[in-house]
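Chain residues, written in single-letter form:
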Amino acid sequence: KAGVTQTPRYLIKTRGQQVTLSCSPISGHRSVSWYQQTPGQGLQFLFEYFSETQRNKGNFPGRFSGRQFSNSRSEMNVSTLELGDSALYLCASQGGAYEQYFGPGTRLTVT
Amino acid sequence: AQSVAQPEDQVNVAEGNPLTVKCTYSVSGNPYLFWYVQYPNRGLQFLLKYITGDNLVKGSYGFEAEFNKSQTSFHLKKPSALVSDSALYFCAVRGQGGGGNKLTFGTGTQLKVEL
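Chain order of the listed sequences is A and B.
Quick note, the first sequence lines up with residues 1 to 111 if you use this note's numbering.
Quick note, the second sequence lines up with residues 1001 to 1115 if you use this note's numbering.
Hints may be right or wrong, so weigh each one.
[Unchecked claim] Quick list of in silico lysine-lysine cross-link-like pairs, BS3-like style, CA-CA up to 27 Å:
| # | chain 1 | residue 1 | chain 2 | residue 2 |
| --- | --- | --- | --- | --- |
| 1 | B | 1077 | B | 1049 |
| 2 | B | 1069 | B | 1049 |
| 3 | B | 1077 | B | 1102 |
| 4 | B | 1058 | B | 1102 |
| 5 | B | 1022 | B | 1112 |
| 6 | B | 1058 | B | 1112 |
| 7 | A | 1 | B | 1102 |
| 8 | A | 1 | B | 1058 |
| 9 | B | 1077 | B | 1022 |
| 10 | B | 1102 | A | 57 |
| 11 | A | 1 | B | 1049 |
| 12 | B | 1102 | B | 1022 |
| 13 | B | 1058 | B | 1069 |
| 14 | B | 1022 | B | 1049 |
| 15 | A | 57 | B | 1049 |
[Said to hold, decoys possible] If we take Cβ atoms under 7 Å as the criterion, some of the chain B residues that face chain A in the derived model are:
| # | residue |
| --- | --- |
| 16 | 1032 |
| 17 | 1044 |
| 18 | 1046 |
| 19 | 1051 |
| 20 | 1053 |
| 21 | 1075 |
| 22 | 1077 |
| 23 | 1100 |
| 24 | 1101 |
| 25 | 1102 |
| 26 | 1105 |
[Unchecked claim] Derived coverage of chain A by chain B (criterion: at least 3 residues anywhere in the stretch with Cβ under 8 Å from a Cβ of chain B; other residues may be distant):
| # | segment |
| --- | --- |
| 27 | 10 to 22 |
| 28 | 55 to 61 |
In case anyone wonders, no lab produced these hints; they're calculated from the structure.
Please read these numbers as outputs of a predicted model, since none were measured by experiment.
All C-beta atoms in this analysis are idealised placements derived from N, C-alpha and C, irrespective of residue type, glycine included.
Start from the sequences and build out the full structure, keeping to the hints where you can.
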């Protein structure tokens, strides 16, 4: 099976802009979670989608949003970018087993 | 609330020696516990998990971990370290109650294996 794919792999944006990141889960996996990784805060949970519904949400401002499509692909959007949003954004998918499988991440740099 | 502590930022070990990376957790009810490894500029790679049953679980690349409920610990171990094991290791926990698949991660431990 193909793994979790994330596009794009690298992004450079300017403060105030918005960005959309995409994640394709492993075939058959219906749960997709998003995490933010930064040197200062470590790995933090953003949100989880299951069958097109947000099931869990982390402690992030409303500028961070997401959605999931009927084919389980997911997108996350960050509006009005701030310098502190610079991070590695990781997507993970989960099927019937207990573990999550992570994609390679999207490295977002905000200047 | 759930939390994970990895008390060591870095662990240094000589190749061929046993290694231990420590992890303690806090969660309501019974835990699901995981270890992941991250190589530079890569995503997280699943190593092993504890769900229920035998306290010693075996995973990929010769790694194993021991679940200790009384000490709320889940230390990662390997009998003989390799230079290629050098990477960043994360412990993660999720409660067994309902509410989805949110994982809470520790801060990570950098493992350095030297010749």
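Hints breached by this structure: When the structure is compared with the hints, numbers 20, 21, 22, 27 turn out to be violated.
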